[in-house]
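First residue of the sequence shown: 48, per this note's numbering; consecutive thereafter.
Nothing false has been slipped in among the hints.
DEER-style ranges, computed between Cβ atoms:
1. H105 with P254: 17 to 23 Å
2. D284 with R135: 50 to 56 Å
3. A139 with P254: 35 to 41 Å
Because the hints were derived from the structure by calculation, they are not lab data.
Note that CB positions come from ideal geometry on N, CA and C, so glycine has one too.
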Amino acid sequence: MRLEQRSRWLADATFDGGLRVPGRSRWRTATLHLTADHVELSAGDRSVPFVWDDFASHRRRSSSRASWSIVPWGVGREGPIGVAVEVRGRYAQPTAALRRSVVAWRYGSRRLLRGTSVPLCSTRTSARKVDIDRRLLDLICSLVADRPEVRRHLGDRSRVERLVHDLRSNRFEAPPFRVGFRRTTMEILTAMRSAGLEHRVDGRPLPGDPLPTEDEAVARVLAVLRSNPFARSLGIDDAKVRAVVVRDYLGVEPWPVGALLEP
48 MRLEQRSRWL ADATFDGGLR VPGRSRWRTA TLHLTADHVE LSAGDRSVPF
98 VWDDFASHRR RSSSRASWSI VPWGVGREGP IGVAVEVRGR YAQPTAALRR
148 SVVAWRYGSR RLLRGTSVPL CSTRTSARKV DIDRRLLDLI CSLVADRPEV
198 RRHLGDRSRV ERLVHDLRSN RFEAPPFRVG FRRTTMEILT AMRSAGLEHR
248 VDGRPLPGDP LPTEDEAVAR VLAVLRSNPF ARSLGIDDAK VRAVVVRDYL
298 GVEPWPVGAL LEP
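Between the sequences and the hints, there should be enough to build the whole structure, so can you do that?
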């Protein structure tokens with residue numbers, strides 16, 4: 048599903064020796080600069096360098112006691128609010144002056160004063176379009192931190208400019224975790240997961256991920272269904288399985304990060 052409205056924050060990213068993501072809000076926020084050698088967080092005339100190996104997220108744990116992460120700036124009743132860089136360990140002291148130099152959403156001031164987060168995009172309320180930007184930036188950082196060959200691609204102007212174009216043009220929601228309203232759909236989705244037919248990166252594949260053919264995928268799901276006595280009694284046919292497999296697995300478009308991943 049494409050977003051009907053697009054956040055303009057990540058769409059403002061540019062190439063500047065790497066991927067430069069400017070801060071955005073009604074208030075002062077920080078800019079994040081991702082390069083092949085390091086990461087830099089800056090606001091005004093202050094900047095703090097980060098090490099790629101210290102990046103941490105739900106996809107990637109840092110082995111260091113010091114870490115930096117892409118997180119929501121705050122949390123409201125409706126969900127995550129804004130985007131921030133959260134620092135831990137040895138990064139806390141170097142970023143103290145930088146944190147004091149930014150003025151973000153007033154209701155997030157307690158978190159700012161606690162000295163753990165620097166806002167990149169601050170909003171008054173939860174916004175899905177901004178939350179997708181946060182997930183995309185977290186995904187990019189995870190890929191770059193984990194793969195040295197991808198990290199080198201940040202220095203390639205043509206790749207980064209193509210990445211920026213794709214980020215602006217191909218904006219997706221993260222598909223929800225489907226359970227199905229009908230019993231047959233529920234059984235098919237459960238069988239798909241048992242057969243390993245699920246995308247593990249927020250519900251979408253990465254460009255270049257190997258996928259089975261449609262016939263192979265359907266056969267794997269049917270084998271699981273036929274081994275389940277509760278599902279066998281429903282008489283689920285091939286056509287129904289094929290429709291769900293295509294809709295919820297094979298037909299899901301990949302995250303728009305191919306410019307960094309291509310050899």
